Structure formats: C-alpha cells, structure tokens
Amino acid sequence: MAFTPTRETYSGKVYPVTVGTGDSAITFGGENVLPFNSFEGSTPNRPLVAFEIQDVPPSDWPENVQKPFAGVSDDPVKWAKYCQDELKAKAIALRLIGTHPDRENRSPEDAVKTVKDVLAAIHIPLIILGSNHAEKDSSVLIAAAEAAKDRNCIIGKAQEANYKTIAAAAMANNHKLIAMSELDINLSKQLNILITQMGFDKERVITDPMCSALGYGLEYTYSVMERIRLAALTQNDVTMQQPMLGDVGMYVWKIKETTASEADLPQWGASEERGIAWEAETATALLVAGAELLIMRHPRAVEAVEKIIEELI
Amino acid sequence: MALSGIEIFKLLPKTNCKKCGHPTCLAFAMKLAQRQASLEACPDVSEEAKKILGEASAPPVRPVTFGTGDKAVKLGEETVLFRHDKKFVNPCAFAIEVKDTLSDDEVSNLCGQVVNSEIDRVGQKLRIDAIMITNASGDAGRLEAAAKVVAAKAPGVPVIIYTENPQAAEAAIRLFADKRPILYGADASNAEAMAAIAKNNKAILGVVANGLNELSDLTEKVKGLGVEDMVIDSGARKAKDIIANNTLIRRAATKKNFKPLGYPIINFMQRPDSLYETLLAGIGVTKYASIVVMSSIEKWKNLALFTLRQNIYTDPQVPMQVEQKIYNIGEPKPESPFMITTNFSLTYFIVSGEIENSKVPCRLAVMDCEGLSVLTAWAAGKFTATKIAQFITDSGIEKEMANKELILPGYVAILSGSIEDKLPGWKVTVGPREANALPAFLKTRN
Ligand code: B12
Ligand code: SF4
Numbered sequence: 001m002a003f004t005p006t007r008e009t010y011s012g013k014v015y016p017v018t019v020g021t022g023d024s025a026i027t028f029g030g031e032n033v034l035p036f037n038s039f040e041g042s043t044p045n046r047p048l049v050a051f052e053i054q055d056v057p058p059s060d061w062p063e064n065v066q067k068p069f070a071g072v073s074d075d076p077v078k079w080a081k082y083c084q085d086e087l088k089a090k091a092i093a094l095r096l097i098g099t100h101p102d103r104e105n106r107s108p109e110d111a112v113k114t115v116k117d118v119l120a121a122i123h124i125p126l127i128i129l130g131s132n133h134a135e136k137d138s139s140v141l142i143a144a145a146e147a148a149k150d151r152n153c154i155i156g157k158a159q160e161a162n163y164k165t166i167a168a169a170a171m172a173n174n175h176k177l178i179a180m181s182e183l184d185i186n187l188s189k190q191l192n193i194l195i196t197q198m199g200f201d202k203e204r205v206i207t208d209p210m211c212s213a214l215g216y217g218l219e220y221t222y223s224v225m226e227r228i229r230l231a232a233l234t235q236n237d238v239t240m241q242q243p244m245l246g247d248v249g250m251y252v253w254k255i256k257e258t259t260a261s262e263a264d265l266p267q268w269g270a271s272e273e274r275g276i277a278w279e280a281e282t283a284t285a286l287l288v289a290g291a292e293l294l295i296m297r298h299p300r301a302v303e304a305v306e307k308i309i310e311e312l313i
Numbered sequence: 001m002a003l004s005g006i007e008i009f010k011l012l013p014k015t016n017c018k019k020c021g022h023p024t025c026l027a028f029a030m031k032l033a034q035r036q037a038s039l040e041a042c043p044d045v046s047e048e049a050k051k052i053l054g055e056a057s058a059p060p061v062r063p064v065t066f067g068t069g070d071k072a073v074k075l076g077e078e079t080v081l082f083r084h085d086k087k088f089v090n091p092c093a094f095a096i097e098v099k100d101t102l103s104d105d106e107v108s109n110l111c112g113q114v115v116n117s118e119i120d121r122v123g124q125k126l127r128i129d130a131i132m133i134t135n136a137s138g139d140a141g142r143l144e145a146a147a148k149v150v151a152a153k154a155p156g157v158p159v160i161i162y163t164e165n166p167q168a169a170e171a172a173i174r175l176f177a178d179k180r181p182i183l184y185g186a187d188a189s190n191a192e193a194m195a196a197i198a199k200n201n202k203a204i205l206g207v208v209a210n211g212l213n214e215l216s217d218l219t220e221k222v223k224g225l226g227v228e229d230m231v232i233d234s235g236a237r238k239a240k241d242i243i244a245n246n247t248l249i250r251r252a253a254t255k256k257n258f259k260p261l262g263y264p265i266i267n268f269m270q271r272p273d274s275l276y277e278t279l280l281a282g283i284g285v286t287k288y289a290s291i292v293v294m295s296s297i298e299k300w301k302n303l304a305l306f307t308l309r310q311n312i313y314t315d316p317q318v319p320m321q322v323e324q325k326i327y328n329i330g331e332p333k334p335e336s337p338f339m340i341t342t343n344f345s346l347t348y349f350i351v352s353g354e355i356e357n358s359k360v361p362c363r364l365a366v367m368d369c370e371g372l373s374v375l376t377a378w379a380a381g382k383f384t385a386t387k388i389a390q391f392i393t394d395s396g397i398e399k400e401m402a403n404k405e406l407i408l409p410g411y412v413a414i415l416s417g418s419i420e421d422k423l424p425g426w427k428v429t430v431g432p433r434e435a436n437a438l439p440a441f442l443k444t445r446n
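For the record, the sequence lines run as chains E and F. Heads up: the first sequence begins at 1 in the numbering used here, then just goes up one per residue. Heads up: the second sequence begins at 1 in the numbering used here, then just goes up one per residue.
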C-alpha cells in the first residue's frame with residue numbers, strides 16, 4: 001500500500017524574539033511547526049541555552065555543580081566572563097537570589113551595581129532574574145531594568161502578583177519579559193493577556209509555564225508546554241505564541257538524584273554523572289515539548305544539550 | 001478507523017436479550033465504541049460482524065508481546081500522539097546491544113549488568129528489558145556462541161537477534177524458539193527467508209527499510225508471507241530523522257489507521273558518548289519508540305531513563321497514588337513518632353524512604369488527597385485541618401499510642417494551630433520542610 005505522509009499545515013507560528021545588541025544579538029523562536037518537525041515547516045532559529053550565574057556565591061548549589069565554577073563564582077563579573085570566554089556561553093542568566101529577604105536580603109541598589117558590572121564585562125545577551133519573592137522582585141527588577149536600559153535584556157519573572165510593575169519597567173527600558181504562571185495553560189494564557197492589556201507588545205513576552213525536574217513533576221511541565229504549543233499552532237491562538245522558557249538548573253539541582261552521594265545510594269551510580277545526566281535529560285525533554293529558551297548550570301550538561309540541538313535542527 | 005456506537009449497533013443481533021450484561025444492544029454498542037466492553041460478551045454476534053468489528057476495534061498500533069514469562073514486555077497498542085489526550089499505553093523497552101565480537105566473558109559480564117539492573121522507583125520495579133545480540137563478526141558460529149552465553153547468563157530476558165544473514169539467524173534464534181524473541185534484520189533482499197525463520201520459531205520479525213514508503217511495502221510483503229508480529233525500523237539514525245519518521249509513523253497509524261505502519265517502532269541509539277546516548281534514548285522515549293537500543297547501561301543512566309519513561313507513561317488524568325492508611329515503618333512502639341502526609345506516590349515513597357534511612361521506627365499516616373502532593377493538596381483544599389483531624393479520629397490510632405503527638409510536614413506549618421483545636425488532647429509538632437531533613441530530625445528527638 002503506498003504511503004502518503006500526513007502533513008500538518010499550521011495556521012499559527014511562534015514569535016521570534018531577539019535579545020542582546022549588536023553582533024552578539026541572538027534570535028530564538030519563530031518556527032511554524034511542532035518542535036523539530038522541520039519536515040513540514042520552518043524552524044529558522046535554534047533554541048537558546050543560557051548559563052545561570054548569581055549575585056552571591058553558589059553555596060546553596062550542590063558540590064558537583066559548584067565545582068566547575070570554583071575560583072570564579074565568588075564574583076558575578078568573573079563568573080559571567082568565565083561563562084562567556086571559556087565556556088562559550090551564548091547568553092547569561094543572572095539570578096539576583098541574594099536579594100531574597102530570607103537570604104542576604106541585598107538591596108535594589110546592590111542589584112543595580114551587580115547588573116551594571118556584569119553588563120560592562122560581557123557582550124552576550126543577559127537575562128536578569130529576581131529571587132522569586134513577588135514583592136521584593138518588584139523593587140529589585142524595576143531598578144535592574146533601568147540599570148540595563150537599552151541592552152535588550154530579558155527581565156523576569158513577572159507573575160500574577162507583581163506583573164504590573166515589572167512589565168512597566170521592562171517596557172520603559174526596552175527589554176523582553178518573562179511571564180510565569182504555575183503549571184496551568186489557562187493561567188498562562190490569562191497572564192499573557194493581562195500583560196498585553198497594559199500595552200506591552202505581545203511579541204516581547206516569553207512564557208514560563210513553570211519548570212519541574214525529571215521525576216518531580218516533569219510530566220506536568222511537558223504536557224503544559226505541548227498544549228501551549230498546539231494552541232499556538234493549530235488554533236492560531238495569539239495569546240499563546242510566545243517562545244517558552246525552561247528554567248531547568250534551579251529545579252534540577254536540589255533534588256535527591258542530583259545531590260545524594262554514591263556511597264549512600266550505590267544502586268544509583270556515579271553522583272557527578274547522575275546530576276549532569278539529570279539536568280541534560282530534563283532539558284532535552286523540555287526541548288521536545290516546546291521550550292526555546294533554557295537556563296542551565298552544569299557546563300557538561302549544556303555541552304551535551306547543545307550537541308543534541310545541533311542534531312535535531 | 002474507529003466505528004461509532006450507532007455503526008456498531010447495526011452489526012449486533014438487535015434482540016436486546018441482555019446476555020451481555022447490558023439492558024439493550026444499543027447500550028452495549030455504546031460501551032464498545034468507548035472501548036469499555038469487549039465483543040466476546042455477546043454470544044450471538046455473527047461471524048461476519050465479528051470480523052468487521054474486530055478489525056475496526058484493533059488498536060492502531062499492533063500489540064506485540066516480546067519475550068515470555070514475568071520478564072515479557074508488551075509493545076505497541078498506542079492510540080494517541082500526545083500524552084495529555086490519553087495515557088500512553090505500553091512503556092518503551094530498553095535494550096542493550098551485545099556484539100558477538102566480544103569475548104564470552106565480556107558477553108557474560110553485560111548479561112550480569114542487565115540481570116542486576118532492576119531499581120525500585122515510586123513503587124515500580126524498573127529494569128533494562130532486553131538484550132540485542134548483534135552479528136558484528138559476520139560469522140554464524142560466533143553469533144550462535146554469543147547467543148548461548150546470553151541464554152545461560154540472562155535466562156528469561158527477552159532477546160533480539162540482529163543479523164541480515166538467514167543462516168546465522170536460524171542457528172541463533174533456535175535457542176529462543178519458545179521465548180518470543182525478535183529477529184531483526186529483515187529487509188527487501190532477504191524477507192522471504194527471514195519471514196520463514198521467524199514463523200518457524202514463533203519470533204517477532206524486525207524489519208528495516210530506507211524510509212517510510214519502502215517500509216510500508218516491506219511490512220505488507222512480510223504480512224503476506226504469514227508473519228503478523230513485527231517491529232519496524234525506518235532506517236533513521238540521526239535525532240532529527242528519528243523524530244520525523246517516528247512522528248509520521250505514529251500519525252499514519254493513529255490518525256489514518258494505516259495498517260502497514262501500525263507496528264511498534266524500534267530505534268537504534270548507540271553512540272560512543274554515554275551521556276549523549278542517554279539524551280538520544282530520551283528522545284525515543286518521548287517520541288514514540290517502543291524499543292530503544294543502547295550500547296551501555298551505567299546505573300546513573302538507567303535511573304535517568306527509567307524515570308523519564310515513568311514520567312511520560314503515567315496517566316495524565318490520575319496521579320500515581322498509594323492506599324490511604326497508617327503505615328508502620330520498622331516496628332513502631334507506643335511511644336514511636338507519628339507523622340502524616342498525602343497519598344501521592346512520589347510523596348509517600350520519598351517520605352517513607354527517608355524514615356527508613358533514619359532507622360527510627362515510625363507510623364506514617366497517609367491521607368487520601370486524590371494523589372496530590374502536600375502543597376498541591378493543601379492549595380486545593382484537600383489537606384485541611386478539618387480533614388486531617390477527622391482522618392486521625394476515625395483511624396482510632398490514638399489507642400495504640402503512648403502520647404498523642406502528630407508530626408506535620410513543614411510546608412503546612414500553618415495548619416498546626418487549627419489541628420490542635422480540632423483534636424483535643426493532641427500535640428501537633430511541625431516537622432522539617434524537606435523530607436531529606438527527616439533522619440536528622442528524628443534522631444535528635446530520640
Ligand atoms: C506538579 C504540581 C502540580 C500538579 C499536581 C501534582 C500532584 N500529583 O500533586 C498539578 C498541575 C495538578 C498542580 C495543580 C495545582 N497546584 Co501545584 N504544583 C506542582 C509542583 C510543581 C510540584 C508538586 C510536587 O509534585 N512536589 C513533589 C512532592 C514530593 O512534594 P511534597 O508532597 O510537598 O513532599 C515534600 C515535602 O512536603 C516533604 N514532606 C511530605 N510529606 C511529609 C511529611 C512529614 C511529616 C514531613 C516532615 C515532610 C514531608 O517531603 C517531600 C520532599 O521533600 C509544585 C511546585 C514545586 N516545584 O514544588 C506546585 C505547587 C504545589 N502547586 C501550587 C498550586 C497553587 C496549585 C493549584 C492550586 C493552582 C493551579 N496551578 O491550578 C492547583 C491545585 C490542584 C487542584 N485544584 O486540583 C502551589 C502551592 C502554593 C502554596 N504554597 O500554597 C505550588 C507550590 C506552586 C507555587 N510555587 O505556587 N500542581
Ligand atoms: S448479548 Fe448481544 S444480542 Fe443480547 S443484548 Fe447484548 S448485544 Fe444484544
């Protein structure tokens with residue numbers, strides 16, 4: 001029996017988003033097919049992987065992912081330059097975790113200094129993330145967005161509780177914005193609508209449907225991403241056509257599988273390889289589900305994911 | 001293509017005799033259409049109707065049982081493209097390649113790794129499912145010798161024999177004749193001979209072609225030769241082509257009910273870099289492979305892949321749950337600690353695992369919250385002070401305890417006051433937030 005492939009033609013497409021300036025600017029998104037289904041449409045850009053760094057030393061990261069940054073991670077500027085120059089990072093994600101009230105409780109002014117110093121040291125695009133404390137993030141991210149004015153950064157994350165101030169700051173300073181909701185396609189859609197109703201250009205938003213690690217709810221993130229992508233392509237739903245973020249490192253490097261030693265759990269095998277595989281596997285699954293932007297930590301996990309992207313594109 | 005209830009009804013006897021356990025033929029037809037009843041329940045249905053209904057109700061991807069006994073794996077039977085539409089049915093099997101160019105000792109060592117690969121995760125026993133013996137030497141005698149080692153050292157493990165050479169195939173497959181092995185390597189050039197060997201040895205035939213057009217022709221040809229059970233390989237080896245072909249195969253089967261491609265897919269993922277191979281195999285797991293073949297099986301790699309497979313193949317509507325009851329961990333005494341959590345499998349297994357690590361005997365009350373995690377259940381109003389107090393009271397556990405103290409998960413510390421109000425005479429203690437702090441917490445109490 002002759003085989004005729006069932007080709008899908010989609011009515012919608014994902015917005016391309018460009019970050020950074022000059023020669024180092026990078027575009028992701030822009031495809032009009034399901035992830036890596038380039039046989040029936042176009043995937044003009046590769047997904048972008050950003051290296052995560054933070055404003056305070058990563059004492060809260062597990063040993064195995066602290067090690068690759070030993071000697072540079074005591075200073076965000078050194079850390080960022082190391083990622084850019086040695087690890088050939090295509091983008092940096094600076095998490096201002098030290099501003100969290102339960103952590104170092106650093107001030108918006110401290111954040112401004114860190115952002116300025118890091119921006120002065122690198123030419124690749126920067127993602128600026130708060131500490132995920134809805135209230136504090138408002139003040140920190142307003143200040144940070146202003147400090148990074150016109151560098152075309154990504155600012156995040158705007159959530160239901162604080163999107164107004166953060167979106168306004170991103171808009172005033174010409175940045176892109178991450179909109180995060182909690183694992184629910186309707187909440188995600190609703191937040192995108194609220195943000196665009198403020199006059200924020202819908203093509204400058206990146207959706208974060210919330211990440212979860214392999215073994216710890218990955219299937220939820222996976223399916224929410226697939227559903228968002230289908231809504232964007234098959235229903236041409238313009239409120240769901242933003243590229244999606246997988247904030248992988250932060251969720252992966254806290255669970256038992258990435259922290260437990262081989263001595264404690266011999267049946268789980270080598271702990272360093274296990275952690276790296278966990279991060280890379282979580283990232284790969286999310287790429288297949290539809291993520292175009294990933295934030296990751298371990299250099300070897302990033303390297304493997306870049307290689308698989310090369311083979312998928 | 002699936003038939004509607006009305007279309008099915010037209011084929012039934014229409015006597016409403018109720019022998020099928022349904023009030024009317026129409027009611028029975030509706031159940032059949034939803035795949036909630038089986039045609040065998042009606043004793044009076046005609047042979048012709050059986051044939052039509054049988055074909056229409058067969059799953060779009062043919063079910064194939066690979067291996068026998070308690071290590072047999074079911075393949076295929078899939079019905080959808082996306083897991084949010086409906087649960088994926090039969091989890092992708094993991095196979096490891098053993099080349100016949102290896103020494104007998106090396107083969108035996110790999111068999112040992114497969115046999116010992118089983119790990120328990122969230123109450124499921126997961127393992128490397130199969131061994132593929134490859135005729136890399138090109139020598140029939142060598143393939144047979146390697147197959148003998150596998151048969152002896154990994155008894156019961158389902159086997160794939162990989163060779164394009166019918167003579168080599170015949171000698172090796174005989175060793176597994178009653179074990180439902182896969183004979184992989186049938187292509188357009190050797191299909192007749194390979195199909196005959198598969199038939200004689202009740203083997204599943206693995207067919208390979210260059211692209212989907214040739215593959216459809218080949219499966220039709222093999223079917224014509226009398227072999228019904230196949231696994232199919234489109235020849236794709238690059239990640240991009242694997243996604244493309246697997247997607248087109250699953251689409252053709254589930255959306256068009258295109259029978260020539262309605263078979264489980266086998267993908268070859270062997271790469272020199274084990275981490276990279278893990279990611280490639282993961283793509284197979286998410287995108288429609290029924291068997292992925294790999295070249296090495298480190299423990300860390302198995303754990304990551306088993307977990308991914310478990311995530312992708314869980315039911316999207318029903319979280320994995322454990323039974324509501326008070327579990328004894330170790331041999332608790334009247335004064336042993338008493339804790340509460342929800343019945344989400346992942347939560348239960350993490351918490352009970354940490355309690356076991358602590359070596360402190362405890363009682364763990366697991367409350368039915370429809371399989372939600374602690375915080376999700378709390379946010380959804382299923383893990384509330386009133387419900388917890390009711391559950392503790394109804395359980396009657398208080399009679400077995402020396403002091404009425406309940407330890408709460410740290411994340412729901414906010415409930416402690418109102419539970420104390422609702423459980424007179426009880427003391428509520430807030431435990432740590434993360435379960436991995438439980439061993440330290442329990443030890444300092446002792
Ligand atoms: C996956 C998920 C879901 C899944 C459900 C999964 C499930 N089966 O429960 C879905 C998508 C359905 C969902 C829905 C909702 N969710 Co939800 N969800 C999550 C997520 C990402 C992971 C939950 C999980 O699986 N955790 C893993 C398990 C093992 O954790 P756990 O049960 O808490 O157990 C740990 C500890 O509590 C401790 N522990 C457990 N028992 C015990 C016992 C003792 C004695 C001790 C000491 C310790 C202890 O040990 C475990 C490991 O450390 C979390 C965010 C996150 N990353 O944590 C949000 C989260 C729990 N969800 C949240 C919310 C608000 C919701 C919704 C109400 C909103 C919505 N999005 O619609 C709905 C409610 C559901 C409903 N109405 O039916 C919030 C809760 C906020 C809050 N603080 O109240 C969270 C925290 C997200 C957030 N940051 O806002 N969710
Ligand atoms: S047993 Fe058959 S004939 Fe009788 S009611 Fe059921 S479907 Fe109709």
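Everything labelled a hint here was simulated from the structure, so no lab data went into it. Just so you know, these numbers come straight off a predicted model, no measurement behind them. Don't take every hint at face value.
Stated by the list, open to error - Think about it this way: if two alpha-carbon atoms lie no more than 27 Å apart in a straight line, the pair counts; the simulated BS3-like pairs of lysine-lysine are: (1) 256(E) x 125(F); (2) 259(F) x 13(E); (3) 67(E) x 325(F); (4) 254(E) x 443(F); (5) 299(F) x 333(F); (6) 51(F) x 31(F); (7) 240(F) x 307(E); (8) 359(F) x 256(E); (9) 422(F) x 254(E); (10) 255(F) x 238(F); (11) 153(F) x 299(F); (12) 254(E) x 404(F); (13) 404(F) x 382(F); (14) 13(E) x 238(F); (15) 299(F) x 307(E); (16) 202(F) x 256(E); (17) 10(F) x 51(F); (18) 81(E) x 116(E); (19) 427(F) x 443(F); (20) 87(F) x 189(E); (21) 255(F) x 256(E); (22) 13(E) x 31(F); (23) 359(F) x 325(F); (24) 307(E) x 238(F); (25) 13(E) x 255(F); (26) 86(F) x 13(E); (27) 88(E) x 240(F); (28) 10(F) x 359(F); (29) 259(F) x 202(F); (30) 443(F) x 404(F); (31) 88(E) x 238(F); (32) 359(F) x 254(E); (33) 299(F) x 256(E); (34) 256(F) x 31(F); (35) 86(F) x 189(E); (36) 325(F) x 238(F).
Here is how each hint holds up against the structure:
| no. | hint | result |
| --- | --- | --- |
| 1 | 256(E) x 125(F) | holds (19 Å) |
| 2 | 259(F) x 13(E) | violated (32 Å) |
| 3 | 67(E) x 325(F) | violated (44 Å) |
| 4 | 254(E) x 443(F) | holds (23 Å) |
| 5 | 299(F) x 333(F) | violated (37 Å) |
| 6 | 51(F) x 31(F) | holds (18 Å) |
| 7 | 240(F) x 307(E) | holds (12 Å) |
| 8 | 359(F) x 256(E) | holds (19 Å) |
| 9 | 422(F) x 254(E) | violated (36 Å) |
| 10 | 255(F) x 238(F) | holds (25 Å) |
| 11 | 153(F) x 299(F) | holds (20 Å) |
| 12 | 254(E) x 404(F) | violated (34 Å) |
| 13 | 404(F) x 382(F) | holds (23 Å) |
| 14 | 13(E) x 238(F) | holds (26 Å) |
| 15 | 299(F) x 307(E) | holds (23 Å) |
| 16 | 202(F) x 256(E) | violated (45 Å) |
| 17 | 10(F) x 51(F) | holds (14 Å) |
| 18 | 81(E) x 116(E) | holds (14 Å) |
| 19 | 427(F) x 443(F) | holds (19 Å) |
| 20 | 87(F) x 189(E) | holds (25 Å) |
| 21 | 255(F) x 256(E) | violated (41 Å) |
| 22 | 13(E) x 31(F) | violated (39 Å) |
| 23 | 359(F) x 325(F) | holds (21 Å) |
| 24 | 307(E) x 238(F) | holds (12 Å) |
| 25 | 13(E) x 255(F) | holds (23 Å) |
| 26 | 86(F) x 13(E) | holds (25 Å) |
| 27 | 88(E) x 240(F) | holds (24 Å) |
| 28 | 10(F) x 359(F) | violated (64 Å) |
| 29 | 259(F) x 202(F) | holds (21 Å) |
| 30 | 443(F) x 404(F) | holds (19 Å) |
| 31 | 88(E) x 238(F) | holds (25 Å) |
| 32 | 359(F) x 254(E) | holds (24 Å) |
| 33 | 299(F) x 256(E) | holds (15 Å) |
| 34 | 256(F) x 31(F) | holds (23 Å) |
| 35 | 86(F) x 189(E) | holds (23 Å) |
| 36 | 325(F) x 238(F) | violated (49 Å) |
Comparing the model with each earlier hint shows violations of hints 2, 3, 5, 9, 12, 16, 21, 22, 28, 36; every other hint is respected.
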